[in-house]
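Asks: Chain by chain, the residues:
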Amino acid sequence: DQQVKQNSPSLSVQEGRISILNCDYTNSMFDYFLWYKKYPAEGPTFLISISSIKDKNEDGRFTVFLNKSAKHLSLHIVPSQPGDSAVYFCAASAMGNQFYFGTGTSLTVIP
Amino acid sequence: KAGVTQTPRYLIKTRGQQVTLSCSPISGHRSVSWYQQTPGQGLQFLFEYFSETQRNKGNFPGRFSGRQFSNSRSEMNVSTLELGDSALYLCASRSGETTDTQYFGPGTRLTVL
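Protein sequence lines, in the order shown, are assigned to chains A and B.
In this text, residue positions in the first sequence follow our numbering: the first is 4, and each later residue adds one.
In this text, residue positions in the second sequence follow our numbering: the first is 4, and each later residue adds one.
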């Protein structure tokens, strides 16, 4: 049972534009959410997190939005750069328990 | 602070053999989790160890086992290897508090022939 879903396997965006990556979850007990970026043959790199008491968290070009009523999470990258091309995973956990990961969205930023 | 380290980085084994992978967490982190990544499958959770005790376990067969030592270093063992075990095995550490971030190592690429 996939508790965290990323329904778009891939996304292409022009350099300088906004990239929006989406994530849906089913478990209303999730209280902590993370986004990771992954290059081939490397481990995922932590990007940004948000706890369920917030609905937005910003760090430089990266902003994560949380809509608890819709059980939806999104990552905005503005402006997108070619170096942002990677696979992005969202993850969620409940009360410090294991993290559940989505299947990833492959982002390509076109120069 | 040094990051999460995993050894070896690459491994080639044949069916039926067993393998042990090692993970050293970030200093001060007491929780270590293991994941398997295969193409198109995302990250599949194997298990988590916290203070030498298995805290959570995913849906993998008993051929996959792990342990954690008093210095928080962890090992994962896979016995009777199958072709389908070929994957990138990732280790992640976190402090172990309720809301904290998990940091990943570079992974061990296991190929089973």
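Fair warning: there could be bad hints in the mix.
Label-pair distances were calculated between CB atoms; the ranges are [what the hints assert, rightly or not]:
hint	chain 1	residue 1	chain 2	residue 2	range
1	B	T114	A	F49	21 to 31 angstroms
2	A	T48	B	G65	46 to 56 angstroms
3	B	T23	A	R64	37 to 47 angstroms
4	A	S72	B	E85	42 to 52 angstroms
5	B	N74	A	K71	35 to 45 angstroms
6	A	S72	B	G19	47 to 57 angstroms
Everything labelled a hint here was simulated from the structure, so no lab data went into it.
Ideal Cβ positions, reconstructed from N, Cα and C, are used throughout, including at glycine.
Asks: If you check each hint against the structure, which ones fail?
Replies: Hint check: 2 fails alone, others pass.
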